[in-house]
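*Asks:* Below are the chains, spelled out letter by letter.
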Amino acid sequence: MNRYFKAKVIENLSLNSSHNLLTLEPLDPAAEPNPGQFYMIEAGDSYDPLLKRPFCWLQKTRETIQFLFRIKGKGTSLMRAFKKGKVISVIGPLGNGYPLPRKKRTPLIVAGGTGIISLFSLINKLSHNCHVFYGARNKDELLLLNELEKLGNKLIVCTNDCSFGKEGMVNEVLSQFLSANESIKTSCLIYTCGPKPMLQEITSIAFHEGIRGYVSMEENMACGFGACQGCVVNTISGYKKVCKEGPVFPIEDIVWT
Amino acid sequence: MNRYFKAKVIENLSLNSSHNLLTLEPLDPAAEPNPGQFYMIEAGDSYDPLLKRPFCWLQKTRETIQFLFRIKGKGTSLMRAFKKGKVISVIGPLGNGYPLPRKKRTPLIVAGGTGIISLFSLINKLSHNCHVFYGARNKDELLLLNELEKLGNKLIVCTNDCSFGKEGMVNEVLSQFLSANESIKTSCLIYTCGPKPMLQEITSIAFHEGIRGYVSMEENMACGFGACQGCVVNTISGYKKVCKEGPVFPIEDIVWT
Amino acid sequence: MDLAVEIGSLKLKNPVMTASGTFGYGEEYSEFLDLNMLGAVVVKGISLKPMEGNPPPRICETPCGMLNAIGLHNIGLKRFLKEKLPYLRQFDTKIIVNILGNTIQEYVRLSKALDDAGVDAIELNVSCPNVKKGGIIFGTDKRALSRLVLKVKQSAGKRVIITKLSPNVSDITEFAIAAEESGSDALSLINTLRGMAIDIDTQKPKLANITGGLSGPAIKPIAIRMVWEASQSVRIPVIGIGGIINAQDAIEFMLAGATAIQVGTANFINPMATIEIIHGIRSYSEGKNIDNIRDIIGRIHGTAGHNNINL
Amino acid sequence: MDLAVEIGSLKLKNPVMTASGTFGYGEEYSEFLDLNMLGAVVVKGISLKPMEGNPPPRICETPCGMLNAIGLHNIGLKRFLKEKLPYLRQFDTKIIVNILGNTIQEYVRLSKALDDAGVDAIELNVSCPNVKKGGIIFGTDKRALSRLVLKVKQSAGKRVIITKLSPNVSDITEFAIAAEESGSDALSLINTLRGMAIDIDTQKPKLANITGGLSGPAIKPIAIRMVWEASQSVRIPVIGIGGIINAQDAIEFMLAGATAIQVGTANFINPMATIEIIHGIRSYSEGKNIDNIRDIIGRIHGTAGHNNINL
Ligand SMILES: Cc1cc2nc3c(=O)[nH]c(=O)nc-3n(C[C@H](O)[C@H](O)[C@H](O)COP(=O)(O)OP(=O)(O)OC[C@H]3O[C@@H](n4cnc5c(N)ncnc54)[C@H](O)[C@@H]3O)c2cc1C
Ligand SMILES: Cc1cc2nc3c(=O)[nH]c(=O)nc-3n(C[C@H](O)[C@H](O)[C@H](O)COP(=O)(O)OP(=O)(O)OC[C@H]3O[C@@H](n4cnc5c(N)ncnc54)[C@H](O)[C@@H]3O)c2cc1C
Ligand SMILES: Cc1cc2nc3c(=O)[nH]c(=O)nc-3n(C[C@H](O)[C@H](O)[C@H](O)COP(=O)(O)O)c2cc1C
Ligand SMILES: Cc1cc2nc3c(=O)[nH]c(=O)nc-3n(C[C@H](O)[C@H](O)[C@H](O)COP(=O)(O)O)c2cc1C
Ligand code: FES
Ligand code: FES
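Residue numbers (my numbering), protein chains in the order written: chain A, 1 to 257; chain B, 1 to 257; chain C, 1 to 311; chain D, 1 to 311.
In short, the hints are calculated from the structure, not lab data. Using N, Cα and C, we set each Cβ at its ideal position, and we do this for glycine too. Any given hint could be a false lead.
[What the hints assert, rightly or not] Taking lysine to aspartate or glutamate and the DMTMM-like style, the derived pairs with C-alpha atoms no more than 25 angstroms apart in a straight line are: (1) 82(D) to 245(A); (2) 142(D) to 174(C); (3) 142(C) to 141(D); (4) 196(B) to 141(B); (5) 196(A) to 253(A); (6) 244(B) to 83(C); (7) 6(B) to 34(C); (8) 6(A) to 31(D); (9) 154(B) to 167(B); (10) 204(C) to 219(B); (11) 74(A) to 201(D); (12) 8(B) to 28(B); (13) 158(C) to 180(C); (14) 204(C) to 286(D); (15) 82(D) to 27(D); (16) 74(A) to 45(B); (17) 49(C) to 245(B); (18) 49(C) to 2(C); (19) 204(D) to 291(C).
[Unchecked claim] Far from chain A, by Cβ distances over 12 angstroms, these chain D residues were calculated: (20) 73; (21) 140; (22) 142; (23) 150; (24) 170; (25) 173; (26) 181; (27) 245.
Could you build the full structure based on these sequences and the hints that come with them?
*Replies:* Have a look at this one:
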């Protein structure tokens, strides 16, 4: 199957001033994605912006793929203006995605900010068999709350400014949880995605507590399918491509700088 | 008054596969244009395409300015996708426009292809006091036929393939008319706009028949208001800027190459 | 918020100027903006005698840029002094005159006359790619450039002399250093890059002159790199030019090492671009708690120890 | 409709190749297109030893272009021959290996090994702007370039040798002539232009390497001009590269004088770009009643009498 395909915009819903929910209908047969995989999406009608943008899939039906994106710069601003019926080109699913845990492991899902988008498809798949820790700067930045609650997981939400849920950073909340649940440490597995400083904190928690886990990384991308070598991160075994060997890496493999 | 203004798309009607009627509402006070003047219109949302595109105005109400454009390349293809409500930046009215004839002169309006768009506002102003010669490649390329008929001028339409009106080129039709109406030659004035080869033919007719007139020229433009020196045409008194000293020139002034 | 910067002895109220050839003689923009607000106006390149320029088509669009082969169409020194300078003098802004000649002698005569006329600074265009026997040799020949700058400085020494460098070279720092050592008070860069476009339908070049100068956002990364290299290799101020459309672009140049910037092609698309850039620089500084815009010049982080002079 | 072209003794079924560093080792694209359809595959630059490349971020977007500072991250000669070449050999297309070294000796050893391995042609990357002690000196020093080409030709003389020129020079024709006179069978141009971008929010360069190579549509006008100049100054075939996204761009290069073309950055945006370009060239030729694509090479009208060699 050719992962380069055309897709039609079915809906492009503005969730709030900085986030949109985009529903695409692939016009060519499209492969089934795994949780944590992503797509490269064409953002404009000209050579500016030139490159496609990487986005994780949120939900998939037989007919459509759904994305949730944050309006950040040039590309996503143009994407916000996508109208129903527009046809764009897309590449995907790309990358490795999250490996599913073995039966006995309890997944601890730790999401910071838009990191929740990447992890949502995983949570969805794992169903209520996991603990979800989700932090954002403030209430307005919290995404997918209703959906997460519906999934019926153990959900702990926190905001830096205490405008919703617990106060504090998601790494602090995770630490507290682990202190209170010593026994879980030997049987849990971390899945995390979010801003770099947070990921570093989670990594060091994982290291100190002896917990294994997976982290989904972000890097600037030109191709998304391993051809340009542009998207590397440093790992204990050298530079690895986020788009192909990642975006998900064993948490202990990343060399943070 | 500042001729750089923002305008909102009120309507963008597809007339046929290659022409759109665009209605803009200026959001800042906009000056009244003269027949034959033009506007520079922003075509895209990014730096590609970079430059604004020049278009003559077609009709003006107190609230709106209307344009008729042909889909040609990058910019006009993007303009075709303009949706209602979109806000773009515009500069105009620009250029000199057609000087109105003195009372006793009978205007002969000679339009080839999209040249009719430039001349339409003039015909509208002159009302039924003129002869209109309008040629196009074929019936499908004829624009504004109903409107022209409504204006009640002496209208002669021709198509190269004889799919509508007379057969032949508009310069041939003009020649025939002049042969049949010898007396008009001393009291008429030509206004013409269209493809270069046609304009050259009209110029040579005017020269041989001793008729004076005006021609509206096209050149690539960067600014539209006299700053870049990019848009010159060669005239008997040297290079002149189409955007400022034109687009309308005395027909006898142009040096054709 | 202090936006003032200095180009040699020239004090500008803010770092935003217009780039030569894109702002006419100032008049063309007076309906769109208040010229008093600009740091400086740099006028279209002036030669001793009026020049007709190249035949049309003279411009064409390219991806995120444009090619021009105006061919230095200008009204000549005499008419400039008589018809255009008095107009510009009304405004509280600095007047910088961009000049070009075929010989050192021509540059010298132009500089003397402009010095006498009391313009604020003279910018030497040594890099226009569109004229066959034009200044181009000075732009790509270090020794010719040195001689030119030296002679101009000798004859119009009171005036601030800005040397505008050509980007069509392997190593911009050699030219930057040559101009500095010959006494140039400042550098401006970049002029346009030589380019070409062909209409595949007619199979003809899109410009009558065949090649032209590439400007616009497309060239910004090259300009930023050259400004960074040049500003690190000389002590005189560097004026950044190339693809500046908005305040973000202007700040990028200042971080790279530019003391001031010139806005070119952007003026065509948005005749109020310069004013919006001035406002945008102010907001940026306020947002970052910068009291003095001079504090950001060359303050790019994370480049310590990098030897930018070697390729 | 005959699309075949010749690069020295190398016969290509059509003029469309992939540009080095943008097509991996071919495999990465096999799900998107049939490699058998391509004129040639040019693989990522190979060095004697594997190279780690530069730290991230390695790429960033610019207006109509991108900067890259991959730093020639590659698996090295040995693994290439063992792991990648056999895969490519399955296809009915030509295999061109782009190589780079720090010394002439390294280029010679690479060429010998690749000659022995029977690749179809060797492309000398003398212009990568991202490696400190890399091939760059050869790209901007005529004499060094001549020596390099001469030595490589002597040691791998059977193979078609293509010299890939750097655009970061004042006069491309000098380098074109130097390569031809030293025995190069063909030229390819352009490699990327050196550029830089700064994040004004963090005030850091957008690339860890500070500068990188600019590619994409932004550079096309410069590339077209250089291909036109180079092709008029030498007799050997010129391969056009730089911002080719679609068939129109490819044809523009051929009209300017390119015998074949390479598609680079476009592969990232549209992995089927090369195939669409082949189809587009065919339609264009049919529309213009051109029986043989070779008939359009350098057939730009209206340039007679123009002396393109002088700046
Ligand atoms: C594997 C992966 C999955 C992602 N999934 C999502 C998602 O589901 N929802 C979402 O909102 N965002 C996601 N992102 C981030 C998203 O790709 C960027 O926010 C987006 O590319 C910004 O584009 P822009 O043009 O608006 O910003 P600009 O800053 O104008 O972009 C300039 C360039 O930088 C790149 N860039 C900017 N930010 C990032 C970033 N964080 N990661 C990678 N490249 C970046 C752009 O792609 C572009 O090439 C993901 C990133 C990666 C790597
Ligand atoms: C004074 C004037 C008035 C005009 N009025 C009208 C009008 O009312 N309706 C209409 O349909 N067309 C009009 N045109 C032509 C119109 O400007 C072009 O068709 C349009 O610019 C094409 O843009 P594009 O991006 O689609 O084409 P592209 O070919 O992609 O454009 C590339 C570049 O060439 C320029 N260009 C291409 N064709 C022309 C042309 N014929 N004249 C000037 N520049 C050109 C573009 O502006 C752009 O800068 C007018 C032109 C001029 C000079
Ligand atoms: C139409 C046009 C005319 C120009 N004329 C001159 C000139 O007379 N003298 C000069 O030094 N530079 C001239 N330039 C170069 C600009 O001053 C500037 O260096 C270049 O365009 C890059 O900046 P930009 O990308 O902001 O346009 C001209 C540029 C354009 C586009
Ligand atoms: C990510 C990337 C990697 C590249 N790697 C190489 C390389 O290894 N060797 C080389 O000669 N050129 C390399 N190039 C240059 C391209 O082959 C080509 O010359 C350049 O990108 C211009 O063409 P384009 O605009 O079509 O991309 C690379 C370019 C890019 C974008
Ligand atoms: S984005 Fe190109 S290799 Fe990962
Ligand atoms: S378009 Fe700039 S002077 Fe006419």
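*Asks:* Straight-line Cα separation of residue 82(D) and residue 245(A) no greater than 25 angstroms?
*Replies:* Since the Cα atoms of residue 82(D) and residue 245(A) sit roughly 21 angstroms apart, the hinted pair holds (cutoff 25 angstroms).
*Asks:* Between residue 244(B) and residue 83(C), is the straight-line Cα distance small enough, at 25 angstroms or below?
*Replies:* holds, 18 angstroms
*Asks:* Mind checking the alpha carbons of residue 74(A) and residue 201(D) for me, to see if they're no more than 25 angstroms apart?
*Replies:* holds, 15 angstroms
*Asks:* So residue 173(D) supposedly isn't at the interface. Is its beta-carbon more than 12 angstroms from every beta-carbon in chain A?
*Replies:* Given a closest Cβ separation of 29 angstroms, the condition holds.
*Asks:* Run the distance test for residue 49(C) versus residue 245(B): straight-line Cα separation, threshold 25 angstroms.
*Replies:* Within the cut-off at roughly 22 angstroms; holds.
*Asks:* Going straight from one Cα to the other, do residue 204(C) and residue 219(B) come out at no more than 25 angstroms?
*Replies:* OK: residue 204(C) and residue 219(B) at ~16 angstroms, within 25 angstroms.
*Asks:* If we take the beta carbon of residue 142(D), is the closest beta carbon in chain A still more than 12 angstroms away?
*Replies:* holds, 31 angstroms
*Asks:* Does residue 150(D) sit more than 12 angstroms from chain A, CB to CB?
*Replies:* Label holds. Min Cβ-Cβ 32 angstroms, cutoff 12 angstroms.
*Asks:* Within a Cα-Cα threshold of 25 angstroms, do residue 204(D) and residue 291(C) meet the stated pairing?
*Replies:* The given pair, whose Cα atoms are some 20 angstroms apart, holds under the 25 angstroms limit.
*Asks:* With the threshold set at 25 angstroms, check whether the alpha-carbon distance from residue 196(A) to residue 253(A) stays at or below it.
*Replies:* holds, 15 angstroms
*Asks:* Is the nearest Cβ of chain A still more than 12 angstroms from the Cβ of residue 73(D)?
*Replies:* Incorrect as stated: the minimum Cβ-Cβ distance to chain A is 5 angstroms, not above 12 angstroms.
*Asks:* Confirm or reject the statement that residue 181(D) sits farther than 12 angstroms, beta carbon to beta carbon, from all of chain A.
*Replies:* The claim holds: residue 181(D) sits with its nearest Cβ about 35 angstroms from chain A, beyond 12 angstroms.
Checked against the numbered hints above, the structure breaks hints 18, 20, 27 and satisfies the rest.
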